[in-house]
Amino acid sequence: MRENGRGLGRHPQLLVLIREVRGQALEKRFVIFALFGLLSSALLRPIVCDAKEPLISAYADGKERVCLDCHRSPNINTNEGVINSRAICMECHSKSECNKDIGTQQVSLQLGKNSFGKTPHRYVACVQCHRDLARLPHESEAGAQCLSCHVVHGEKEIHDPHLRVRCQACHRVSKYVVLDHKSNEVRLSHFDENGTVVSLTNHSLPDVKNKEFCLRCHFKGNRVGAAAAVLPSKSVICMLCHTSPISIGHKLFWIPLLLLVLGVLSLILFWFKGNVEGEKDSLHRKIALASEKIWQKIFSREIFTLFSVFFLDVILQRRLLQESVRRWGLHSLIYLSIVLRFSLSVFTLVVFNLWPHSSWAMALINKDTAFVAFTYDLLGLFIIIGVCWAAISRLITKPPHVISEMQDNLALVIIGLLVVFGFILEGARILITQIPGGIAWYSFIGFPLSRLLSDFGFDWPYIYQFIWYAHAFVGAALIAYLPFGKMKHVISTPLNLMISYKDE
Amino acid sequence: MPQTSNAQESYMRFPVIHRFLHLVVMLGFIGLAITGFSLKFSSQGWAKAVVLILGGAGRTASVHKTLAVVTYLCVVAHILWLIYYKAILKGQLTGPQSMFPRVKDLRDLIDHIKYFFGKGPLPKFERFTYLEKFDYLALLFGMNTMGMTGMVLWSPEFFTRVLPGYFINLAQILHVYEAMMAVALKFVVHTFSTHLRPENFPIDKSIFNGRMSKERMIRDHAGEWERIGQTSTTPSSD
Chain A
88 MRENGRGLGR HPQLLVLIRE VRGQALEKRF VIFALFGLLS SALLRPIVCD
138 AKEPLISAYA DGKERVCLDC HRSPNINTNE GVINSRAICM ECHSKSECNK
188 DIGTQQVSLQ LGKNSFGKTP HRYVACVQCH RDLARLPHES EAGAQCLSCH
238 VVHGEKEIHD PHLRVRCQAC HRVSKYVVLD HKSNEVRLSH FDENGTVVSL
288 TNHSLPDVKN KEFCLRCHFK GNRVGAAAAV LPSKSVICML CHTSPISIGH
338 KLFWIPLLLL VLGVLSLILF WFKGNVEGEK DSLHRKIALA SEKIWQKIFS
388 REIFTLFSVF FLDVILQRRL LQESVRRWGL HSLIYLSIVL RFSLSVFTLV
438 VFNLWPHSSW AMALINKDTA FVAFTYDLLG LFIIIGVCWA AISRLITKPP
488 HVISEMQDNL ALVIIGLLVV FGFILEGARI LITQIPGGIA WYSFIGFPLS
538 RLLSDFGFDW PYIYQFIWYA HAFVGAALIA YLPFGKMKHV ISTPLNLMIS
588 YKDE
Chain B
5 MPQTSNAQES YMRFPVIHRF LHLVVMLGFI GLAITGFSLK FSSQGWAKAV
55 VLILGGAGRT ASVHKTLAVV TYLCVVAHIL WLIYYKAILK GQLTGPQSMF
105 PRVKDLRDLI DHIKYFFGKG PLPKFERFTY LEKFDYLALL FGMNTMGMTG
155 MVLWSPEFFT RVLPGYFINL AQILHVYEAM MAVALKFVVH TFSTHLRPEN
205 FPIDKSIFNG RMSKERMIRD HAGEWERIGQ TSTTPSSD
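Residue numbers (our numbering), protein chains in the order written: chain A, 88 to 591; chain B, 5 to 242.
Hints may contain errors.
Claimed, not checked - Here are the simulated DSS-like cross-link-like pairs (lysine-lysine), alpha carbons at most 30 Å apart as the crow flies:
#	chain 1	residue 1	chain 2	residue 2
1	B	Lys118	B	Lys137
2	B	Lys108	B	Lys137
3	B	Lys218	A	Lys373
4	B	Lys94	A	Lys360
5	B	Lys137	A	Lys380
6	B	Lys90	A	Lys360
7	A	Lys384	B	Lys218
8	B	Lys128	B	Lys118
9	B	Lys128	A	Lys373
10	A	Lys373	B	Lys90
11	A	Lys205	A	Lys296
12	B	Lys69	A	Lys338
13	A	Lys205	A	Lys262
14	A	Lys367	B	Lys90
15	B	Lys69	A	Lys296
16	A	Lys384	B	Lys190
Bear in mind the hints are in silico, worked out from the structure with no lab data behind them.
Go ahead and model the full structure; you've got the sequences and the hints to work with.
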């Protein structure tokens with residue numbers, strides 16, 4: 088092939104053709120050659136265009152253009168294609184007279200050699216990103232398509248409210264941003280604060296390690312619906328109720344995580360204080376015997392029984408239901424709601440990591456999608472009802488089986504506060520990000536709450552950060568409290584059920 | 005050190021931690037081989053099929069890296085266990101019941117070959133035969149070279165701050181050939197020498213359930229069998 092190709096090196100199209108024809112049967116080659124001849128004679132005609140005034144002149148370098156000079160769809164995944172394709176764009180966009188009228192003002196669309204700085208995009212064809220520009224009218228509707236190559240940020244760096252922030256608002260050097268109410272998007276503005284047109288031709292990217300561009304939106308008195316301060320991302324401990332990244336995040340979250348780990352360890356050590364299979368002293372022997380037992384259970388048919396015990400007794404709380412439907416209802420309102428929220432966040436994490444481009448992933452990480460907004464609000468409401476019900480039965484009606492202790496009340500207060508702060512936070516978010524009612528009303532608690540909050544006339548973008556930290560603090564307290572006090576049952580009861588299922 | 009279980013006349017050969025690590029390393033190694041070779045021989049049809057199932061070359065690479073981390077964590081866990089075994093359980097890392105190579109292994113090898121030709125009895129193997137020691141040590145050292153070269157390939161920018169550029173090429177070559185050698189060793193030699201031999205066919209369950217029957221102990225680990233009979237009060241290894 089190489090020997091054959093050497094002479095033809097200057098004509099890559101011909102090479103491709105030869106390569107394609109090689110495998111075909113002899114008769115087919117004639118058909119293809121004939122078709123190719125017909126096609127090229129049809130296309131290689133002088134310019135005949137419906138546009139009244141052609142955008143580019145009919146002559147280039149003294150030669151008359153043919154349609155295929157431009158409309159030949161080069162393979163922009165090759166260097167040759169990139170250079171050819173860019174040459175067409177730069178024919179106009181390298182000239183100083185390349186301007187655009189915006190209202191009464193003119194803005195330059197000229198691209199210089201330094202317009203791309205050192206970004207990798209300097210090796211990419213213009214139409215790779217500006218996908219809908221190679222046509223008439225020469226005006227983009229969708230804008231540059233970053234997401235055709237890149238993936239949206241997950242929860243780690245840029246949490247969900249940023250889904251409606253266009254990539255360029257942060258990843259470009261121009262610092263003027265605007266909230267476009269028509270498309271409900273935050274994007275780069277064509278005007279600076281004085282209303283003068285700014286050129287957006289600089290394609291270089293700001294340093295992402297330096298988070299200065301966050302301050303384009305996040306300052307007191309901003310008009311794009313951003314909180315007045317840059318808030319940290321969620322932590323892995325938020326996974327209990329929210330889609331979160333698998334990272335610890337803000338320093339605040341180290342403490343509950345550490346307490347959780349230490350608490351669980353001390354619980355395990357406490358269990359191993361008793362005797363295991365007759366062994367009383369050596370911790371090593373106890374662990375060896377216990378792990379042997381677990382290993383044998385996992386690799387035997389009993390594992391299926393364990394699965395059913397886990398599903399029926401741990402998840403669905405069969406035993407509590409047998410005891411009292413009322414108590415099961417109360418407990419499930421809190422417990423099952425949290426289990427469902429946790430499952431949803433794990434599911435979202437998996438879907439987003441495996442198929443980040445999919446519509447499912449995009450819908451699930453977006454808090455304003457109908458399903459997500461409704462489900463989260465409904466489950467939050469269930470938790471509140473459960474907490475209120477429990478509080479009433481503990482403090483007012485006091486049925487005989489309830490022994491109200493300080494610990495129990497503390498657990499209820501923590502969960503109740505967490506959800507109340509959560510709802511206020513949601514209301515404030517909907518209020519300050521100015522999400523249109525048509526989208527936001529699926530949050531059937533958050534949205535009315537946001538209308539209510541708007542009557543108070545506080546500086547909500549400023550207050551938002553305090554509510555956020557309050558919610559995060561209570562959430563951290565809940566996680567830290569898990570292995571202690573009342574909440575210990577979250578860890579010990581399932582284990583007890585799994586170990587002692589044979590007693591039935 | 006094995007302990008008797010009177011019910012089935014079987015002996016505890018591997019404690020749970022060894023079974024667990026073997027299982028994870030086994031699955032991780034198979035996964036690493038599949039993803040790694042799919043990337044290396046990406047022009048092959050089967051490789052394309054694997055990459056298609058996993059969702060692209062990028063995803064295949066991240067699966068490979070994840071599995072590598074998991075598998076190497078097992079090596080770390082094993083080394084920590086060795087330290088624990090030596091320091092806290094006061095066990096011995098050398099000696100007849102250990103994985104440490106001894107002169108007897110060479111003698112066993114010669115005797116074993118003689119046995120194959122009917123020129124002598126089956127040698128009295130200790131707790132680990134020379135074949136098992138070879139498998140174990142090859143994996144222990146192989147994992148470290150694979151880990152080191154793999155890390156160089158994972159973040160070449162970082163390592164070339166210190167190392168010259170040709171180390172990347174070296175790492176590439178070493179990683180590939182070491183991988184082929186390891187796969188050949190594990191999927192052919194190890195599989196045949198432990199699982200597919202007539203005594204154990206089709207699978208040697210002792211690494212999965214931790215137990216070995218009395219008959220097999222007497223036949224395959226006669227040296228150890230005699231030693232347990234003599235000194236039943238030596239410290240337990242599990």
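For each hint, the structure was consulted:
{"no.": "1", "hint": "B:Lys118 with B:Lys137", "result": "20 Å, holds"}
{"no.": "2", "hint": "B:Lys108 with B:Lys137", "result": "12 Å, holds"}
{"no.": "3", "hint": "B:Lys218 with A:Lys373", "result": "25 Å, holds"}
{"no.": "4", "hint": "B:Lys94 with A:Lys360", "result": "23 Å, holds"}
{"no.": "5", "hint": "B:Lys137 with A:Lys380", "result": "28 Å, holds"}
{"no.": "6", "hint": "B:Lys90 with A:Lys360", "result": "25 Å, holds"}
{"no.": "7", "hint": "A:Lys384 with B:Lys218", "result": "23 Å, holds"}
{"no.": "8", "hint": "B:Lys128 with B:Lys118", "result": "13 Å, holds"}
{"no.": "9", "hint": "B:Lys128 with A:Lys373", "result": "33 Å, violated"}
{"no.": "10", "hint": "A:Lys373 with B:Lys90", "result": "19 Å, holds"}
{"no.": "11", "hint": "A:Lys205 with A:Lys296", "result": "16 Å, holds"}
{"no.": "12", "hint": "B:Lys69 with A:Lys338", "result": "28 Å, holds"}
{"no.": "13", "hint": "A:Lys205 with A:Lys262", "result": "19 Å, holds"}
{"no.": "14", "hint": "A:Lys367 with B:Lys90", "result": "23 Å, holds"}
{"no.": "15", "hint": "B:Lys69 with A:Lys296", "result": "25 Å, holds"}
{"no.": "16", "hint": "A:Lys384 with B:Lys190", "result": "29 Å, holds"}
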